[in-house]
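J.: Protein chains in written order, with our numbering: chain A, 1 to 358; chain B, 359 to 798; chain C, 799 to 1097; chain D, 1098 to 1363.
Simulated from the structure, these hints should not be mistaken for lab results. Be aware that one or more of the hints could be misleading.
[What the hints assert, rightly or not] What follows is a set of in silico ranges between Cβ atoms, one per label pair, in the way DEER data are often shown: (1) C/G985 - D/D1246: 28 to 38 Å; (2) B/D526 - C/S933: 32 to 42 Å; (3) A/R342 - C/G985: 31 to 41 Å; (4) D/G1105 - A/R342: 14 to 24 Å.
[To be verified] One side of the interface only, derived from the structure: several residues of chain C facing chain B at Cβ under 8 Å: (5) P928; (6) W931; (7) A956; (8) V1016.
Cβ atoms here follow ideal geometry from the backbone N, Cα and C, with glycine treated the same way.
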Amino acid sequence: MLYREAGQFKSTYAEDQQIFPIRQDRIAVAALLLVAFIVVPLLANQYWLSAILTPFLIFALATLGLNILTGYAGQLSLGTAAFMAVGAFMAYNFVLRMPWLGVIPSFILAGVCAAAVGIVFGLPSLRIKGFYLAVATLACQFFVLWAIQRIGWITNYSASGVITAQKIVILGYVFDTPARKYVLTLAIVAVMALLAKNLMRSETGRAFMAVRDMDVAASVIGIPMMKTKLLAFAISSFYCGVAGALFAYTYLGTVEPEAFTLDLSFRILFMVIIGGVGSILGSFLGAAFIVLLPIFLSVLFGAISHASGMEISHAVVSNLELIIFGALIVFFLIVEPHGLARLWQIAKEKLRLWPFPH
Amino acid sequence: MKHSTLALAIVASAGFSAGALAQAKEQFVPHSYYWVGPFAASGSGIAGGAIDYLNMLNERDGGVNGVKFTGEKCETEYNNARGVECYERTKKHPPTGATLVHPLSTGITYSLIEKGTADKIPIVSVGYGRTDAADGRIFPYIFPLITNYWSQNTAKIKFIGMREGGMDKLKGKKIVNLYHDSAYGKETLPVLEAQAKMYGFALTNIAVPNPGNEQQAQWLQIRQIQPDWVILRGWGVMNPTAIKAAQRAGYPRDKILGVWWSGSEEDVIPAGDAAKGYIAAAFNVSGTNYPVIQDIMKHLYAKGKGEMDDKSRIGSAYYNRGVVFSIITSEAVRKAQTRFGKGQSMTGEQVRWGLENLTIDDAYLKKLGATGFMQPLKVSCLDHEGGGAVKFQQWDGKQWKVITDWIASDQKLVRPMIEASAAQYAKEKGITPRDCSKEN
Amino acid sequence: MNVAFFFEVLIGGLLAGVMYSLVALGFVLIYKASGVFNFAQGAMVFLAALTFVSILKMGINFWLALVITLGVMVVLGIGIEKIVLRPLVNQPPITLFMATIGLTFVLEGLSQLVWGSQPHGLELGIPDVPMEWLSQKWNINVSQFELFAAGVAGAMVAGLALFFQYTRIGRALRAVADDHQAALAVGIPLKHIWAIVWAVAGFVALVAGLMWGARNGVQFALTFIALKALPVLILGGFESVPGAIIGGLIIGASEKLAEVYVGPMVGGGIESWFAYVIALMFLLVRPQGLFGEKIIDRV
Amino acid sequence: MSRAQQVGEAVLSVQGVSLAFGGVKALQEVSFDVHEHEIRAIIGPNGAGKSSMLNVLNGVYHPQKGAIRLRANGAWREFRNMDSREAASLGIARTFQNIALFKGMTVLDNVLTGRNLKMRCSFLEQAIWIGRARREELEHRRAVEEIIDFLEIQHIRKTPVGKLPYGLQKRVELARALAAEPRLLLLDEPMAGMNMEEKQDMCRFVLDVNDHYGTTIVLIEHDMGVVMDISDRVVVLDYGRKIADGTPDEVRANQAVIDAYLGVAH
């Protein structure tokens, strides 16, 4: 009975075009943001802030980026980590070489650089599709990492190619504690999620989906193939780039090119698939799932072996964790190929009818 | 999205509070190593040695002055993010939080430099990590102990000099540096360049892309250059692949000089007979015929305890390296107790003092049952390295044979580079160096 | 420029390329039959090699060990098909792809759980040292092992080609590749076919595992050779057995030549991406790969 | 026929168009013209080249010979090979024989895509979603809702098209084409595979569109009855050749046509 749009009539298209047409949703989201911005920083301990929530938000942002490309525009990419790397290292350079610029503009410019790289490596998508394109994006993955290690300027000529993120100071306010870093990350992610939502529900988003669903028809009704595909790559890479910058500045603090391996790209693709292809919410759900699952498993096993007090060597435990992680993903894909977002939808449908059967 | 997060939060916190039953007279040491993935061999071996030694102390002498070591294992997957998570999870563990941390990954070490400093938890990277952190004035909580990549490298050139019959003979010699194309691999490029100038040998750096399981091209280049020596700065599969490729290219293995991350049994066994004669550096030797290892066998494995499933790995280079890690851990705690109270649980801050004033001379090594097993150590506020020497061992097809005594590094060359690099870091981060004369 | 050296690099590259083809074949088989981009192929190679070596270490004789391992791989292949892929039939390709990545974790964990994380050496009794006369006469280094590997790869390609051409299953497979529905309509037992293909893929993985294991030792890194096979795939086409070998040769040769002659100018280590760039350039000209039968549809 | 708009002079003329795929001659020397506001039918037995003709008209195919001439505000422009996007921007919209809707999107979004050429805001403005972008989005929504009402598909506005029955999908596709406010509307077998009443509805819609918006319509249809009822003039193709052209009655009486259709049940 609680979750109902019954009795909420839309008298104007404006109302109907709100992000959350249903009142309960608006309330829920408002509450969620309130909790995320105020309650969490106050209550959560350092471990949760710096080891779980912050990375979760950053991965969610990257997932969002990849989702725009793969989920909405239908272009499969395995180069996500590379775009993140561009973001991280360029942000470092902007802060280093143009300190007057300020951190946030530096992040944005870093994102723009990532977008540029994205456009270059998006060009093949005009010719090739599917796994051929996916494997082609691997070229980006490997080339970018190689370039970062070769071009001394990018790492400010540090022998090992490792960079250390500078202090984050915005208008004289220093973001140094885990709580502050978390809040900064949250703010950026929230804003960018909103922008993404807007974009995806307006013309650009429709063009993306049109290209995804049937490119011939799309061009017949006048959607420019090239512009749309490249724009998708650009926007997606921009998001990944900013995520990369946050990865370096609010999460790890020090990054080496190896931090952005193909493994990371796959992880983020997982988040997209598990969360739900073509869903903003799904990006967050997927990120939460993939970030938390391994930690949850290891904590769980830790507790079990502690409780049982038996002497199983950790090699066994770790491998079991890995196996279960993989198995769960397979299992999940089998039971709900459309991802968590779909489950959430179904739950909502049920909730609408509840407590009456229909 | 928070629903799922919070839901898990409860379970998770329940999870580790179970492992966190606070008791007095305990010294908590996190065991964040890696048991899975491409490098599992090194991770599991080192973890085994490290954990076994502390448990042996608990069994043999009831810990350090009655303070028993407790630990919590955490899988890092050799991955920065996971490593940071492990650190955050274990750092506040009762009674006194993490004693110190062995990140066992240069990447993770980098990620922990600021966190450790802020949390007052020493980050100890033995034979890896950030070289210039050896300048304790700028990195009070970071301890790249015993020796670092730059020191090792000077020792290596010395060794080559010895083999060639004098450093002056290096002039005009051709040396190839075959390195893993990563932060780790590139760490030694500057010092090599400097030495090439110093001794006038011709240096060629050849990169091997990660993971390094394909080196045809690189060895064809080497074959073309016909170098007098090849320095193998490898990691994981790159090592056996290099040795096999060398054989295929007809390059003599006893002219290949590996670093200590290329000098374990795991690096040569996969290469089979091709590895005969291959030489590698080491800051700890292999073998079980040291009292310290014998004690572990006696007090743990004889009683059916012990971390290793595969007993044959006890005494391997990696296992023994783990033992060295834990000797440092326990001795730092012991030292700290002499100042902050015998039989007490030490905090990270106190252990930091312990590390900084740690001295392990030959007599003490003998007491530890580790004579010749590791080198004497003298750490100070100024010098967080404290040793710097390496031995060289040669693979005879069955096992590693030590072929030199400890060869000291060329601190005259290395130290200024360290200080310069550290100063650079201090400038970037706006750190004012400690005045070591004021430390006690 | 030293001609002998050029040829040495070229030959070395071609021989390396053959090693890539060995891995690529596994991908092609499964893609051809069920349209699945099986990322777990690398893990299968690792599992096969590790199992074989470990059994060997138990003191069981070579051939018996081979048979046992083959049995394991066949069972594994069929198991994967039944447990993982059948429930996912008719799902979008990317979902299947993701599933195989999940599978990769399982296989990697399983291998090291059962057999431990220790690397092993593997001796097939074929000397891997430069052949005297060749290096004497031409100053070109080629080892018997490399030639042997090339021979094996060639034999496998030929075998598989014949298999597809002349056996009932092979013909059925091609039908399946063309159109699942139609194949079903004319009464081809898809499920059996797929089971068989996975079994064969298991066998291919074993061979690749033995070759690579003997070359670099048997250890976790064997899973990475999958990445070496991918450019070969896009170049040769996901669905073409001959494409796998030709693609392998092209990739191998060009990447080695590039590393040796271009690498030093740009700081080396370009192998990691060069192969992909070649493949990419090639795709821009011919989107379906060298022998690709059709452009794979949007994912 | 009584209708609001009177059929004006020619707006489109096809001149000696020939199209071949490899050896197969799809179209040979076909010429005809289309007048403003008229409903022009192209008929012919299977494989006569009807769809090819339509595809040439909106630039999906490029003829080897001949040209398309279009009259845009008074002046004639000649096109040898325009691409389909250009065609769209010139006010040519179409539907497809086998529906080409965006299955993953709702009816509303599908129809809205029809207006993409009229959207002016940059993606940045859209992302921020205030001022211009929002207004634009709203006014286009209004325009689209009009068409949705017009075609009586309000009730399925928010339904993903994948879930709709065939007949409705056809209607949505028509709506998407109309959303572009085309001058020339190409319908490729709008009634194919429909039952009687669905067909009647569709006929009504086609006529209303032509009447209400004055859109010039070129349609391909198999159902002779329908064609003869609604179209002003008919082109008959057979084996890629034009065999007749005229009012329904003329065509009906044409011997060549009768022969062509002989044995072709309709």
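J.: Restraint: C/W931 near chain B, CB-CB cut 8 Å. Satisfied or not?
T.: violated (14 Å)
J.: Closer than 8 Å between Cβ atoms is the bar; does C/V1016 clear it against chain B? Give me holds or violated.
T.: holds (7 Å)
J.: Given C/A956 as an interface hint, is its Cβ closer than 8 Å to any Cβ of chain B?
T.: violated (25 Å)
J.: Check the following: the C-beta atoms of D/G1105 and A/R342 are separated by a distance inside 14 to 24 Å.
T.: violated (52 Å)
J.: Using the Cβ atoms, figure out if B/D526 sits within 32 to 42 Å of C/S933.
T.: This hint holds: roughly 34 Å between Cβ atoms.
J.: Using Cβ atoms only, decide whether C/P928 comes closer than 8 Å to chain B, and label the hint accordingly.
T.: holds (5 Å)
J.: Is 28 to 38 Å respected by the C-beta to C-beta distance linking C/G985 and D/D1246?
T.: For C/G985 and D/D1246 the Cβ distance comes to about 51 Å; the hint is violated.
J.: Within 31 to 41 Å: is that where the Cβ-Cβ distance between A/R342 and C/G985 falls?
T.: Between A/R342 and C/G985, where Cβ atoms are some 35 Å apart, the hint holds.
Taken one by one, the earlier hints fail for this structure at numbers 1, 4, 6, 7, listed in ascending order.
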